[in-house]
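Here is how the chains run, residue by residue.
Number of protein chains: 4
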Amino acid sequence: MPLSQAQQAEIEIARAARTETRRATVPALEEMLFTALPVLDHGFVRVIDYMGDDAAVVQAARVSYGRGTRKVSEDKALIKYLMRHRHSTPFEMCEIKYHVKLPIFVARQWIRHRTANVNEISARYSILDQEFYLPRPEDLAAQSAQNRQGRGDSLGTDQAALVLDLLRDDAERTYRNYAWMLNEEEAADHDPERPGLARELARMNLTLNTYTQWYWKTDLHNLLHFLSLRADAHAQYEIRVYAEAMLDSVKAWVPGCYEAFADYRLGAVSLSAGMMAVVKRLLAGEAVTQEASGLGKREWRELMVSLDRPEA
Amino acid sequence: MPLSQAQQAEIEIARAARTETRRATVPALEEMLFTALPVLDHGFVRVIDYMGDDAAVVQAARVSYGRGTRKVSEDKALIKYLMRHRHSTPFEMCEIKYHVKLPIFVARQWIRHRTANVNEISARYSILDQEFYLPRPEDLAAQSAQNRQGRGDSLGTDQAALVLDLLRDDAERTYRNYAWMLNEEEAADHDPERPGLARELARMNLTLNTYTQWYWKTDLHNLLHFLSLRADAHAQYEIRVYAEAMLDSVKAWVPGCYEAFADYRLGAVSLSAGMMAVVKRLLAGEAVTQEASGLGKREWRELMVSLDRPEA
Amino acid sequence: MPLSQAQQAEIEIARAARTETRRATVPALEEMLFTALPVLDHGFVRVIDYMGDDAAVVQAARVSYGRGTRKVSEDKALIKYLMRHRHSTPFEMCEIKYHVKLPIFVARQWIRHRTANVNEISARYSILDQEFYLPRPEDLAAQSAQNRQGRGDSLGTDQAALVLDLLRDDAERTYRNYAWMLNEEEAADHDPERPGLARELARMNLTLNTYTQWYWKTDLHNLLHFLSLRADAHAQYEIRVYAEAMLDSVKAWVPGCYEAFADYRLGAVSLSAGMMAVVKRLLAGEAVTQEASGLGKREWRELMVSLDRPEA
Amino acid sequence: MPLSQAQQAEIEIARAARTETRRATVPALEEMLFTALPVLDHGFVRVIDYMGDDAAVVQAARVSYGRGTRKVSEDKALIKYLMRHRHSTPFEMCEIKYHVKLPIFVARQWIRHRTANVNEISARYSILDQEFYLPRPEDLAAQSAQNRQGRGDSLGTDQAALVLDLLRDDAERTYRNYAWMLNEEEAADHDPERPGLARELARMNLTLNTYTQWYWKTDLHNLLHFLSLRADAHAQYEIRVYAEAMLDSVKAWVPGCYEAFADYRLGAVSLSAGMMAVVKRLLAGEAVTQEASGLGKREWRELMVSLDRPEA
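Protein chains in written order, with the numbering used here: chain Y, 1 to 312; chain W, 1001 to 1312; chain P, 2001 to 2312; chain G, 3001 to 3312.
If we strip away everything but chain Y, and leave its shape as in the complex, we get (with noise of 0.2 Å):
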């Protein structure tokens, strides 16, 4: 359960108020304001606010007066074309912001994409709760043996039963030392003969599958650009859970953004100037072998598979 009762109840409040207003509104997204998205076994993705819609971009790119006038077939083809040619400052006119709950070690990924505004609750002033990431079973899979930054096959059910264990317990004794150490006055097992650690330097023994939480905002642009990694296939699956449930605020806040972002985007290839010589070669009927291609394998293996001919 990734919210509490109480929590649960701050949500309801925040959802039940309403006011007027004269921005933009997308009735859809509005539905989803507040809720927690559920993402693996404690965390989730909230939609806490956001600017703009669809129009917005429009508006920017033709820099208006007005939310405009024109047809909306013609805003649609507007963002297509934005979309196509990388005019991507448009899309920057947007802007969201989530609450995220978290593993550490995905939050460590994430926070590599810069262009974004984060606030993450601090260890050094608060106590993070005992909640930490366990896999399910059938996710925990062994090393990859072709690619060595993946997963390859599952574990087995013997398998992934001794190494969830581990996880467990290492987590849970690491916590229970975490706590001891802090020896807060609140806690049942308070010792007051004792000092308690800093919580600066306690939160050390921490395991990096506990969760923590952050505000994280971004522009539309960037967003996109965040989620075509992490979405991606070649993304770890637990930051791609956290990616999904994003994509889907995304089809609902801006739909004709959305639309174009799964066209020359998400299902978009970018093939080199070798691939673009092989792609005419075999378009003139020339039976072109990887030999003969002037690519390497592994570039004529992910262009075979671009092409749908993975045999080849």
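Some clues are possibly wrong.
To be verified - Not the full set, but computed from the structure, chain G residues with beta-carbon under 8 Å of chain Y:
#1 Pro3103
#2 Arg3151
#3 Gln3159
#4 Met3204
#5 Leu3229
Keep in mind the hints are simulated off the structure, nothing from the lab.
None of these values were measured; they are calculated from a predicted model.
Glycine included, each C-beta is placed from N, C-alpha and C at the ideal position.
Starting from the known structure of chain Y, arrange chains W, P and G on it as the hints suggest.
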């Protein structure tokens, strides 16, 4: 007149529309929304959209689940604390978007602030309007004798009139020639026999006081940094008036942050180690002179001005 | 002539000095160091400083202790892999600094790239030189009929001569009036009876083809992104020639990265999901038409151009 | 011991190589180049590369053609002026690159500074070494009673020993289980019958005091901002010691900038409008109390500390 009737009508239509939202809404800023605050002779600043309010800063600092139920006085104290100790990230959680019309030479100063999103009208694509900035006679000042980067006394009525004639004549002639080179079909004096010069080339004939426009979006932290530099007495008058108009919008939007900003930034003074040493000697009753202060002349003068002792 | 004799002499003195260093040094770039590569009629690009080389990219990707002892071929393969899979951070570990002299309207395009460090000469503080860009007659082109943001055929000798006269006259007159308003003591026609207008105001009378200068520093990743946009055929000619001069410096500096960049960026094509579907149908031997392709006319044309089938 | 013999040997080889360059070179920093400055029990900071020197700041501020021929005293005065008036862009023209080995919980604080380039070793790809931070007994302090985000008195010998045992045991056990789950072929106890868990998953069992490494590159302006926050007395000890080691490298690299930084940043005090009012009243001879000061208790105390009147 910064706005045409058609533009004013578009704004009125946008202002008339209201929707319901779950997001934080600020009535005082809603009241200003879309309206053009006039700046200089043809320029303006319009608030186009915003995200967050004073409470959103507090909420992000606490990484909280709801809007928070604490007392207003606690929230205000926290905002002050964050501002005083330069905890800037919670202020990044609010965002605002402006539409600004401004002379090109002002735009060139402004754009140096890189942590913002910008969409400017493109003179490769569009034809700029015949509007250029002409200072009021009283704003035409001589080069400062003290400061190589500033202005001194007003030129006086006669000289100002001469200068204004030159500025007006040159701007009008260069614009006329710009339009002649473009030879647009829509123009009254269009000559179908003559090819029009590409817009991306013709624009080079315009003077730097020609007005341009952009959408400019930034977060509250970076906006306050911009305003602390550009609403300062050392900033050029022509950008300062924009900063002052924007300060009004900040006051309406986030009054708690504005108050803290006024106290800890706008009204604050940074005293160097050397300056602090002098202040302590003065407080101890010593009659310190510049020569005995260890400070350079310029720094001494700056300190004395800060202490309201300009005669010292 | 982009450089005065005094400037040329300063550059020669700087070039003559040598010191010993433990840092990675690139002889081919050292050879170019400080020299002005002429661009347009009065502009230039000069490499002022650099940090890193091809090996520094590899070293950062491996977070290694020494300069690395692996084979050159392994390093090259790693660079290609990083470029192909958009692992951009190792390329950020090289840095380069340029001194550029360029027309103001080009500077305004350039500055949109925000991830760079810039120091521009200040016309609040200094007096700009009387130098402005005048295109060669063959570069004076008409507005493109196809592309609202581009140029088409050349104007022709007679029209070009008319346009050049206008551009020259207006630039000379506005500069003359700029100098008159400034009324600098050093000027030949200085009038001691008349106060000079503040520099920060007088500059507004200059035209956008006036030359300015700046120091511009960025990392290799962001430089390559800049070059991929500005050395592109769709970029305005007047900025493209700067990008091309800079490409030469990149080739001298990091030949391995340059090669990967040429293959995977400059020469690469991004095909949307819809375009890839068409390519697969073509490869399967189907005779696809635009109408049956599912692509819009514009996208279809772009795809056919990429496949060297412009007639389709 | 932060370095293995093999690593030390690699560093020595890199240090032994010299080449000739036309670039600005700083002998005092060359002397430190590549050498590991030890920090904490297993960490270090190594300067890997640098660009620019004090003169490069001046050169950029003047946008000059050569290295400049003015007096050293003029250059120093200009640097001070730039620092005092927060003209930050010339300081951005120098760049430095470090290799840092640091505990993960320190890395998580550090990475919040977004204006830097980072390459961290990937625990998806590599296996982390068995090295974790264990504080010296005297650094194990209790939670501060005054400051919810800080540490107070030392725990005392007995308590410190208990805490250290816990930290060591937990780090060793979780690492042992990490290695068991990985079941690498190279391991002494490798079990060929058992599949190894993917690295990207196994890492989640490590504690936050495990050491990681990165290449970290930034410009001088952003470095000084980082150091002003992290070399400050309010920063956590474990990051402060890194900042202090880096301060030494800055002192060697750009002594003129360092001096200005020490005076106008490190040793400077920012007094709010309210604080300045109190200082003026004190200077006028008034006996101001907190109650009559208009300042809150906390702000009053901060002011008194700044004025060396802690008793007030």
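Going down the list of hints, with the structure as the test:
1. Pro3103: holds, 7 Å
2. Arg3151: holds, 4 Å
3. Gln3159: holds, 6 Å
4. Met3204: This hint holds: Met3204(G) lies near chain Y, its Cβ roughly 4 Å from the closest one there, short of 8 Å.
5. Leu3229: With a minimum Cβ separation of about 14 Å from chain Y (threshold 8 Å), the hint on Leu3229(G) is violated.
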